[in-house]
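If you're matching them up, the sequences are chains A and B in order.
Residues 1 to 132 in the numbering used here are what the first sequence lists, from first letter to last.
Residues 1 to 342 in the numbering used here are what the second sequence lists, from first letter to last.
Among these hints, one or two may not hold up.
[Said to hold, decoys possible] Subject to a maximum C-alpha distance of 30 Å in a straight line, what follows is the list of computed DSS-like cross-link-like pairs (lysine-lysine):
#	chain 1	residue 1	chain 2	residue 2
1	B	Lys106	B	Lys210
2	B	Lys250	B	Lys240
3	B	Lys120	A	Lys93
4	B	Lys120	B	Lys106
5	B	Lys106	B	Lys14
6	B	Lys14	B	Lys210
7	B	Lys210	A	Lys93
8	B	Lys45	B	Lys14
9	B	Lys106	A	Lys93
10	B	Lys84	B	Lys45
11	B	Lys45	A	Lys93
12	B	Lys45	B	Lys250
Simulated from the structure, these hints should not be mistaken for lab results.
Given the structure is predicted, the values throughout are model-derived calculations rather than measurements.
Here is how the chains run, residue by residue.
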Amino acid sequence: MAGRALPFLKLAPHVDRQVVFRLRPVRNALVEWDVNADGEALLRIPLRENRVSRVLRIIAPVPSSRSIQLDEVGTFVWGLCDGSNTVEGIVQKTCLQYKMNRREVELSVTAYLQMLAERNLIGFYEKARASK
Amino acid sequence: MPTTAPNITSAKNKTLIGWQGIRFVLPADWNLTGFSMEPNGGYLKVDSPGTMFAQVRWTERSAPKPRTLFDYTLQALRRLRIIKPKVMDEPELRSVLEAFLVDTRKQARKSKSAFEYRIKPRVEEAGGMRQAHHFSWTGGDQGQGKIWRCSACGRTVIAQIVGRARDEVAQTAAGFFSSMTDHPEDGWVTWALYDFVGAAPADFRLVRHKLMSGYLLLELERRSERLRLERWGLASVALKRFTLADWFRKVCDPPVAALEEGVERHGHPCVQARGKPANLVRTAVLWFRSGATLRPALWYSGCAWACQESNRIYAVQLWRSRRSPDLLDEVADRCECHGSQS
């Protein structure tokens, strides 16, 4: 209640680590992607159509989508975000694939997934019920 | 003559932690999460993937800092051996331990649990070299630990394993304490963390470190000499577009132009470079970097090798003065690559 009235009092929700590791990341269906010969994915994210973009398009050529190039490890993790793998599963598969220490992978994979989620490229759901 | 160190982490289900002479073994999935770099002591925290963790805190035997002119005069006379060196007061282990347990009690009070502890009588261990008290406590969590003073190195060490009531604290603590050493036996300090195992002579001090995901750096110094131990992950990705020699030139930037190839380390092809920089600017930079001393560390020895089994690249670089021995081979041979995989 206090958080609603005074936003600076709003506490960050405490999320249990075990719960996060049970979540299943799934790619945004609007994002198109293909993998080049080097095994690196190129994501094409369609830009939102609104009045401003329509006006801008009359004045200057505005692309209809923007692209993001992922590196090899990023592509590997992106490929696993198909809704069938949990975060825990992705961490384990990345550990095996690149022979890295589990803690190193945990830190980098969770930060990467968080970044993808902030850009709305992926969402998370729990198998029992959709959470996001 | 370089010697090959025995593979100290040959047990696959164990992980070795080594820091400033403290060395111990814990289950494979435990990782270092906290440490300090104090001059007269240190602290280590190693977390399990669950709720257990290990803590080690140690203090070196050191004289109090001089405060008055009289103290400084005494210190100078002792250094000149005109008067006898001061005999250090030995810390009273039981009182140090009780102070530690009072702190633990304060933390347990937050969980509103009854705190109880038990201190066993003092025992002598390691052939009379250590005087130790074993202790255990319960209060919300539970802990099993030991405090001891080593007469060989003068360190006072307090170490414990902490876990929840359901955790196998006693079993983990038994393995932890049986493997614990508080000083190097052969004059080489083991530096081991995140599956990296390396070693450096005991008089090299850690001055810089970087512990990042996929990259680890430990930089040590002894007077003007500098030793860099580095490890990169994802070797298959890094070496996709470069040869190892190109990669070494680009990333490590050795001050010597000629690289020696066709050498093997730990069964892997290795590139190395030795010598003094021919470039005057680089020589001047190295001279200033080593404190503009009369014995500047201008002589460079460095090597790098890629381990396919562990998918990692290792690099050892040493800057030394002309008269200092070249430790490159011995340091590189003491680094473990695929043998340390857990």
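To see whether the hints hold, each was checked on the structure:
1. Lys106(B) / Lys210(B): Cα-Cα ~34 Å, so violated.
2. Lys250(B) / Lys240(B): 14 Å, holds
3. Lys120(B) / Lys93(A): 46 Å, violated
4. Lys120(B) / Lys106(B): OK: Lys120(B) and Lys106(B) at ~22 Å, within 30 Å.
5. Lys106(B) / Lys14(B): 33 Å, violated
6. Lys14(B) / Lys210(B): Measuring from Cα to Cα gives roughly 24 Å; hence the hint holds.
7. Lys210(B) / Lys93(A): Holds: Lys210(B) and Lys93(A) sit about 26 Å apart, inside 30 Å.
8. Lys45(B) / Lys14(B): Cα-Cα ~17 Å, so holds.
9. Lys106(B) / Lys93(A): Measuring from Cα to Cα gives roughly 42 Å; hence the hint is violated.
10. Lys84(B) / Lys45(B): Violated, at about 39 Å.
11. Lys45(B) / Lys93(A): Holds. Lys45(B) to Lys93(A) sits at ~27 Å (cutoff 30 Å).
12. Lys45(B) / Lys250(B): Violated. Lys45(B) to Lys250(B) sits at ~35 Å, over the 30 Å cutoff.
This entry does not satisfy hints 1, 3, 5, 9, 10 and 12, going by the numbered hints stated previously.
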